[in-house]
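Starting from two chains that each stand alone, build the complex the way the hints lay out.
Sequence order for the protein chains is Z and D. First residue of the first sequence? That's 1 in our numbering, and the numbers climb one at a time after it. First residue of the second sequence? That's 1001 in our numbering, and the numbers climb one at a time after it.
Derived from the structure by calculation, the hints contain no laboratory data. C-beta atoms are modelled at their ideal positions from N, C-alpha and C, and glycine is treated no differently.
Cβ-to-Cβ under 7 angstroms is the rule here; a few derived chain Z residues that face chain D: (1) 6; (2) 7; (3) 10; (4) 14; (5) 17; (6) 21; (7) 88; (8) 93; (9) 94; (10) 252; (11) 256.
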Amino acid sequence: MLRYRFLFEQMVRRELRQKYKGSALGLLWYLINPIVLMGAYVLVFSVLLRVADIPDYPLFVVAGMIVWVFFAQAMLAAAPSMEQNAPLVRKVRFPREAIPAATALVQLATFLVMLALLAPVAVAIRGSLEPGLLALPVVVVLLFAFVLGLSMAVSVLHAHYRDVEPVVAAALLPWFFVTPIFLRVEDIPGVSSRQWLGDLLEWGNPVAPFVSAVRELLYAGAAPSLGHLAYLTVAGLGALALGMLCFRRLGRELAVVL
Amino acid sequence: MRPGEVTLEHASRSFLLRPEERARTLKELFVRRGRRDGARVAALDDVTLHIEPGEAVGLVGRNGAGKTSTLRCLAGIVPLDSGRAQCGGRVVSLLELGAGFGADFTGRENVFLNGALHGFEKEEIEERLEDIVAFSELGEFVDVPVRAYSAGMYLRLGFSIAAFLDVDVLLIDEVLAVGDESFQRKCLRRIAERMEEGATLILVSHDPSAIERVCRRVVVLDAGSVRFDDTTAEGLLFYHRLLGARPDDARRERRGPGVDVLDLQLRDSEDRARSAFRSGETVRVALSVTGPAERAVVAIEIRDSDGSRLFRTDTTLGAIEGETEVVYEIPRLGLLGGDYDLVVGAGDHDAPPAGTLDRIVRLSVSETFDAEGLVDLRGEWRVREREPLR
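Isolated chain D, as found in the complex (with noise of 0.2 angstroms):
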């Protein structure tokens, strides 16, 4: 195993539903650690990864997809049921604020004793602690026993330790949002040159910004097991069709000049907000944009549930300011039963590139019996007996 590889094989893991129900007597104990009754719920359900040093991967998902379970498995906190995970060379986890920390220790007496926990010597540390003392900001907070932290600083502390110290592995769980933007911003610029120096990164974050900045490949769990592995864009689109069923969540930020879309809805013909409609129905594309711009360009784009584009338009909206409303109404709504994603993007002068991704929204057709494949082209069909010639 070489530092900074990471490899999850066939790992499984799962976890009784309700562990205070499970009946253990001290006789099963020492006879064997034998399967126990009760629901037990997969966090990972045969996972292969494989990880090379000075990766940056994104770990994405659903609550309770298995995200954290994966890093407990692969920091050796948790063992697998069955498979094997690995991390060469030296790990560290960043999987709670504080976790590890001494609550009457001060900060700089902490980063010894995390540091000792993550299996470094005094010697090591003591080498670091300037850097980490000066990257955590905490000025004469260092010598203030961390009880007294707020969390933005416990997390600082956390960061700055994991961040200096000379590991080959680093797993990091959703800590960084409690930060400021600007320590996020230099957080992320300290992760970047760790994966230059060689270390390889795991980051799992409900924050897709967090993810683009730092990762170049998106990993999706979905119910423990990998849904989709590859490049960060795709990753992250593929993870906003998995969430369509919530609208709210399914939107990227993406702040920057130009034209930006607030919000997109899915209507009927009597304007009620739906998210499931019938084939041949009415459905207006309800979107607010805002600018300013001088020539604000809207597309939509429907795409199946494997990602291909079947239908796209755009039009220009000429100069706005503030927000304006659009609506495109599909009169007749041409698709077959199934899932669908609905995609807009905007820009200004020019329409937005294909794949441009401002806010998704998952358009659910209802089962169609009569038909098979995408495309509603039902008709009639006409049967008529030729009068045989004489």
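Chain Z extracted, bound-state conformation (with noise of 0.2 angstroms):
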């Protein structure tokens, strides 16, 4: 991999410049476009609809959020890359691995970003600068490689069954609402009286533990346990060996599928 890294710096280079071409903001879109997002969720879940009574209440949604839209905004990148760079991949020979590996790490960037503007407004708001804040970058360094291995996992996958995207996008919007975004899930009306429930929302869901570990993170200061973190590192290492695993199958036959 580090001896393709000129190759993932100019693949990054591109994908940067393809979107946004020529709009006025121009690269401040890929912040505009979460903020929004999470701002709209932020007023209707604190003051439309009160769900919990939580201090800081939007600090802990956004924390939270981030995650999920990371997560969710690479996969709608990453699921038609593949289809999109069609013209490369049938006529130059490279490691076809770049192109998804290239938009997870533009939606990295964006993480990246919106953590370090979260992060000092969290620590100063609820002085949750504590020494648990040192596996932040541990769990960073697992949640993105749960997203590449996904990314990587969709983009082949939708090359050669071209239903794969449209399933995915369709997928986002009720697993959004399944993963603990708004409420802890102890704090899910009715998951209390059942046990199973609360695990199956909280360690069913891939995602869910990476969003309540970087939430606990900076809402609360608190790393997470060290099943937290096995867990974790499972479902990174997990995800990016079905990744590998796809291009394996599948990846030799892309210049004749697209």
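This is the structure in structure tokens:
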């Protein structure tokens, strides 16, 4: 992978240049989009439909939401990426992983910028400057592995089966609502009496532990437990392995199917 | 594998005729990459080739003969079904204009992107940047996004990148045709230079003159197999014979001083153009030549499908200025059933050397059932029983 560092750099630049070219705000759109989205949700859930009595609720929501936005935007960008780069794939030989990797890297950059904007605010408001915050980089790396692996998988799958992108897009909305972003799992009404439901919501959805880990770090300054970290590691590496498996199985024929 | 060496060993690759019809399920995907149903067409069918470092090989064939597929397999873009394809050292392919360009990148930025795609490092590209920019003759356009480029500019940039990076194997597909004449000539010169430095070239082109100028060896592909692999002159001849059924394609451009053959047609006794005849019919070979020449000579040659000469004759036309019609009439076609090539060559002062090929046309003779061979010497059998001597 390191051999292709320069290629990745070039591909990311190309990806950045292609989207939002010629628009006045340019790259800022990468931030404006998720910020507007998050603003709307915060407004609805903290002012109009108060679902929980959590102090500094907007911060609580945003801290979890940036993880979801990273994940969802990366999936939506990665799924059609091979198809969009078909002329390149058909005519030039290069490691095809560079295409979904570039889309994932662009989304990672957005995520990191939002993290950098949010973290000082969270620390200032919540006073969450705890040693546990040192676990944040580890969680971010694992989250990126998770997103990268799934990006690779959906991009190569969509190249072969054009239903994948609409399926992903359709799945993201319900997935968003079962992900504990607006409430901690234990605070969801009906979970306290049914332990299995809580476990399912927290651990059955691989995005949920990433959301809660980042949120608890920023909002409460609490590092994830070892078990939680182990889960994140397995999810991150597992997704990466899945992405590579998909590439091994389907990557060779990309120039033919596109 | 030495740098610049290229080999294909029993390489085969087929494609689904109508890929959109493949019914695929997710289960099939992870169980095995099984044989899928549906008509497949062989783009490469047991192709074996060996190319030495520094060689320049022209790849010719009809549309769909597998030329581009061969390049794509060699470049590693498309995997083989069976067999092996290997290129020693670094490979750069120029398969399509602007493939691997970012439309919103400037020409200069695209040099880096394209170089990176072909596996070069930033430093290696920086070293060559000035040469590339100078060769491309893009001037100040090099700092304009390539979105605004013409096809010719795309070619100039793409070719300059391929030609100046330190590659061992250069695969070029029919792109040079886009450039203007002078840039084309410059490209061909540059290719020749690269080959002196030890690079290997495989050039796909429909333009025989380009292949003639660079390649010493020609491989003719037909329906995915190698039909011919030898010197350029012989290879192009073979290729033209392959095209013979379509006389329009079967001409070789030979511009230069002297006599030019403009048109070649076979006609029957009623002056209708035809390409299939029966043995014994009248065949008129109608051609037009143009001068100016002091003493134009035209030669007609008939070859069998192996390329052996069956017959040759020539005639002196004398001084010609403009376009001149010449008809050679064969009152009784003395050939048996099969396919032949009728080749015409022209020269000034002297008869064109044997093997000169200005125009070629396919002459098909319909099947004859009562004789075998090439030459029609059919006659009458007479049988008479002699009176026994008493």
